[in-house]
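**Student:** Residues per chain are reported as follows:
Number of protein chains: 2
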Amino acid sequence: MRFEPIGIIHSPFTTTEGMPIQPAGARDVRGTVEIDPRYRDGLADLDGFSHLILLYHFHRSEGFALKVVPFMDTAERGLFATRAPRRPNPIGLSVVALEKVADGVLHIRGVDVLDGTPLVDIKPWVPAFDQPADVRTGWLEETAGGVGKKRADERFL
Amino acid sequence: MRFEPIGIIHSPFTTTEGMPIQPAGARDVRGTVEIDPRYRDGLADLDGFSHLILLYHFHRSEGFALKVVPFMDTAERGLFATRAPRRPNPIGLSVVALEKVADGVLHIRGVDVLDGTPLVDIKPWVPAFDQPADVRTGWLEETAGGVGKKRADERFL
Numbered sequence: 001m002r003f004e005p006i007g008i009i010h011s012p013f014t015t016t017e018g019m020p021i022q023p024a025g026a027r028d029v030r031g032t033v034e035i036d037p038r039y040r041d042g043l044a045d046l047d048g049f050s051h052l053i054l055l056y057h058f059h060r061s062e063g064f065a066l067k068v069v070p071f072m073d074t075a076e077r078g079l080f081a082t083r084a085p086r087r088p089n090p091i092g093l094s095v096v097a098l099e100k101v102a103d104g105v106l107h108i109r110g111v112d113v114l115d116g117t118p119l120v121d122i123k124p125w126v127p128a129f130d131q132p133a134d135v136r137t138g139w140l141e142e143t144a145g146g147v148g149k150k151r152a153d154e155r156f157l
Numbered sequence: 158m159r160f161e162p163i164g165i166i167h168s169p170f171t172t173t174e175g176m177p178i179q180p181a182g183a184r185d186v187r188g189t190v191e192i193d194p195r196y197r198d199g200l201a202d203l204d205g206f207s208h209l210i211l212l213y214h215f216h217r218s219e220g221f222a223l224k225v226v227p228f229m230d231t232a233e234r235g236l237f238a239t240r241a242p243r244r245p246n247p248i249g250l251s252v253v254a255l256e257k258v259a260d261g262v263l264h265i266r267g268v269d270v271l272d273g274t275p276l277v278d279i280k281p282w283v284p285a286f287d288q289p290a291d292v293r294t295g296w297l298e299e300t301a302g303g304v305g306k307k308r309a310d311e312r313f314l
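Heads up: the protein sequence lines correspond to chains Z and R, in order. According to the working numbering, the first sequence is numbered sequentially starting from 1. According to the working numbering, the second sequence is numbered sequentially starting from 158.
Hints listed in this document are in silico derivations from the structure and should not be mistaken for laboratory results. In this text the structure is predicted, and so the values were computed from the model without any measurement. Glycine included, each C-beta is placed from N, C-alpha and C at the ideal position. One or more hints might be untrue.
[Stated by the list, open to error] Partial chain R-side listing against chain Z, Cβ under 10 Å, derived:
#1 Arg195
#2 Thr231
#3 Ala232
#4 Phe237
#5 Asn246
#6 Ala254
#7 Arg293
Let the hints inform the model, and build the full structure from the sequences given.
**Tutor:** This is the structure we're talking about:
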């Protein structure tokens, strides 16, 4: 599978040190997504949605480890039970708020990615598709409520 | 960006004709995800989570169109405001329920993908990360409640 960036995400974060680790910790952080002019016709109707799923390339991550100590924990966990960036296929996923679309640029809120991150896809966030009921969150059960206060460091570079 | 499958999704659907178009229409449909033995150590701790985000390759889609008539509508919409499979980077995303993990195989419920679909990544679904508040869903506002009854056809092949 070969994929190409369809745009670039701009954020205030130039290093992972101190960066929020999920949009929940970055609710007021604004950023933009500059869509490649070739793909801008595909942005029609997007402005009706309040939230988007961004898929992007963890372009600063190299290699992967199948066991990691995530930012949210002190114990080692299976990689696929975490959102850590060093993955066999280093694709990141963030749910962000869409404030407006103008001239091929998405203005977003809740940005938890590095400035310059290559965008792979955009999907509208739809409760009927993306919001399950009766959710359990395993090792995160006790800690996820505090994700807003957690910050990244350099451990995954 | 070059990605490789980390597993294969098995479902009862061998053609898109009549397939549910989102897990919401496939809540009782069971399937399995067979993880490549090289990556099975990364499944540790996954069984604590009730729901997963699967990222997969729309391997039967060719090319893309920036305007599409989605299954959920009769009007043409911008591609990125839809979940249609013919995308510049044909990556699909489904939120599914995890029933158990055994011998490197995930047993899942709510499968809306074709049998044999290559898996790209697994992420735990976490409300603090993936469930925004005050959601609007644009053109889907009136139709998404009925997604459970919608079925796919061959339009995106």
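**Student:** Now tell me, hint by hint, if it's right for this structure.
**Tutor:** Evaluation of the provided hints:
With a cut of 10 Å, the hint placing arginine 195 of chain R at the interface with chain Z holds, because the nearest CB-to-CB distance is about 8 Å. The interface hint given for threonine 231 of chain R is violated, since its Cβ lies 14 Å from the closest Cβ of chain Z, which is over the 10 Å cut-off. This hint holds: alanine 232 of chain R has a C-beta 9 Å from the nearest C-beta of chain Z, less than the 10 Å allowed. At its closest, the beta carbon of phenylalanine 237 of chain R sits 4 Å from a beta carbon of chain Z; the interface hint therefore holds under the 10 Å criterion.
The interface hint given for asparagine 246 of chain R holds, since its Cβ lies 4 Å from the closest Cβ of chain Z, which is under the 10 Å cut-off. With a cut of 10 Å, the hint placing alanine 254 of chain R at the interface with chain Z holds, because the nearest CB-to-CB distance is about 7 Å. Because the beta carbon of arginine 293 of chain R sits about 4 Å from the nearest beta carbon in chain Z, less than 10 Å, this interface hint is met.
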